[in-house]
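Produce the entire structure from the sequences given, and follow the hints as far as they go.
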Amino acid sequence: NAGVMQNPRHLVRRRGQEARLRCSPMKGHSHVYWYRQLPEEGLKFMVYLQKENIIDESGMPKERFSAEFPKEGPSILRIQQVVRGDSAAYFCASSPGAGVKIYEQYFGPGTRLTVT
Amino acid sequence: AQSVTQLDSQVPVFEEAPVELRCNYSSSVSVYLFWYVQYPNQGLQLLLKYLSGSTLVKGINGFEAEFNKSQTSFHLRKPSVHISDTAEYFCAVRRPTGNQFYFGTGTSLTVIP
Numbered sequence: 001n002a003g004v005m006q007n008p009r010h011l012v013r014r015r016g017q018e019a020r021l022r023c024s025p026m027k028g029h030s031h032v033y034w035y036r037q038l039p040e041e042g043l044k045f046m047v048y049l050q051k052e053n054i055i056d057e058s059g060m061p062k063e064r065f066s067a068e069f070p071k072e073g074p075s076i077l078r079i080q081q082v083v084r085g086d087s088a089a090y091f092c093a094s095s096p097g098a099g100v101k102i103y104e105q106y107f108g109p110g111t112r113l114t115v116t
Numbered sequence: 001a002q003s004v005t006q007l008d009s010q011v012p013v014f015e016e017a018p019v020e021l022r023c024n025y026s027s028s029v030s031v032y033l034f035w036y037v038q039y040p041n042q043g044l045q046l047l048l049k050y051l052s053g054s055t056l057v058k059g060i061n062g063f064e065a066e067f068n069k070s071q072t073s074f075h076l077r078k079p080s081v082h083i084s085d086t087a088e089y090f091c092a093v094r095r096p097t098g099n100q101f102y103f104g105t106g107t108s109l110t111v112i113p
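Residue numbers (this note's numbering), protein chains in the order written: chain A, 1 to 116; chain C, 1 to 113.
Do not rely on the hints blindly, as some may be mistaken.
[Said to hold, decoys possible] Okay, the calculated bits of chain A under chain C, using three or more residues with CB under 8 angstroms as the criterion:
id: 1; segment: 43-57
id: 2; segment: 108-114
[Unchecked claim] Some chain C residues close to chain A (C-beta under 10 angstroms, calculated; not the full set):
id: 3; residue: Ser9
id: 4; residue: Val11
id: 5; residue: Tyr25
id: 6; residue: Tyr36
id: 7; residue: Gly43
id: 8; residue: Leu44
id: 9; residue: Leu46
id: 10; residue: Asn99
id: 11; residue: Gln100
id: 12; residue: Phe101
id: 13; residue: Gly104
[Unchecked claim] DSS-like, lysine-lysine: derived pairs with alpha carbons at most 27 angstroms apart:
id: 14; chain 1: C; residue 1: Lys69; chain 2: A; residue 2: Lys44
id: 15; chain 1: A; residue 1: Lys71; chain 2: A; residue 2: Lys51
id: 16; chain 1: A; residue 1: Lys27; chain 2: A; residue 2: Lys51
id: 17; chain 1: C; residue 1: Lys49; chain 2: A; residue 2: Lys44
id: 18; chain 1: A; residue 1: Lys62; chain 2: A; residue 2: Lys51
id: 19; chain 1: A; residue 1: Lys27; chain 2: A; residue 2: Lys62
id: 20; chain 1: C; residue 1: Lys49; chain 2: C; residue 2: Lys69
id: 21; chain 1: C; residue 1: Lys49; chain 2: A; residue 2: Lys27
id: 22; chain 1: A; residue 1: Lys44; chain 2: A; residue 2: Lys71
Worth flagging that the hints you see were computed from the coordinates, not collected in a lab.
Ideal Cβ positions, reconstructed from N, Cα and C, are used throughout, including at glycine.
Shown next as structure tokens:
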């Protein structure tokens, strides 16, 4: 039973380019969270998605950032026109979304984005 | 918004000694509480959680935590640490009716041989 998968693990982008981060949740999980972790800081909530639906995007920056979780395929976090301040580790976590384990999250290994 | 405070950013401790990692949260309403461990270059792994019931919660790898509502704390303890416990530990809270998990800034535990 594969865990949460994220790719790429490392991503280097120049300022102004686009970054696309992918997250495949655990089998049977229909909900995905995205977090950003800056150096020396904890994880900051960005967005919570269900397949084909954004449940809570209150942690997403208003510009340049977007997320989706289509019916088929992985969830994608997209950052347009990246700036150096976007350099961070981005983690995805999946959840069953219902049942007794509704409050459990299973984290992927993260994508480390470096903007040069 | 909730806030989670982990007062100790770094905790060095000798192998086989006990350890306590502190976590305090700000909330006047009920919350769910979690501790996660992060090994280098990996994602977070759930150690234990408190949703309701007994205030003493036992988790994996010999860790336990005690929920103290009056002090709004959820400190993590282990009676005897191993070298393999060296990692970053994060406390997190979530309101039962909310979607967001709020994380502390983490405590780096270093076990010294």
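Tested hints:
1. 43-57: holds (count 6)
2. 108-114: holds (count 3)
3. Ser9: holds (8 angstroms)
4. Val11: Val11(C) check fails; min Cβ-Cβ to chain A is 15 angstroms, beyond 10 angstroms.
5. Tyr25: Status violated, d = 13 angstroms.
6. Tyr36: holds (8 angstroms)
7. Gly43: holds (3 angstroms)
8. Leu44: Given a least distance of 4 angstroms, the restraint on Leu44(C) holds.
9. Leu46: With a closest approach of 6 angstroms, the Leu46(C) hint holds.
10. Asn99: holds (4 angstroms)
11. Gln100: At about 5 angstroms, which falls below the 10 angstroms cut-off, the nearest Cβ of chain A leaves the hint on Gln100(C) intact, so it holds.
12. Phe101: holds (6 angstroms)
13. Gly104: holds (5 angstroms)
14. Lys69(C) to Lys44(A): holds (24 angstroms)
15. Lys71(A) to Lys51(A): Holds. Lys71(A) to Lys51(A) sits at ~5 angstroms (cutoff 27 angstroms).
16. Lys27(A) to Lys51(A): It holds: about 13 angstroms lies between the C-alpha atoms, which stays within 27 angstroms.
17. Lys49(C) to Lys44(A): Since the Cα atoms of Lys49(C) and Lys44(A) sit roughly 19 angstroms apart, the hinted pair holds (cutoff 27 angstroms).
18. Lys62(A) to Lys51(A): holds (22 angstroms)
19. Lys27(A) to Lys62(A): violated (31 angstroms)
20. Lys49(C) to Lys69(C): holds (15 angstroms)
21. Lys49(C) to Lys27(A): holds (22 angstroms)
22. Lys44(A) to Lys71(A): holds (26 angstroms)
Violation of the numbered hints given earlier is confined to hints 4, 5, 19; the remaining hints are satisfied by the structure.
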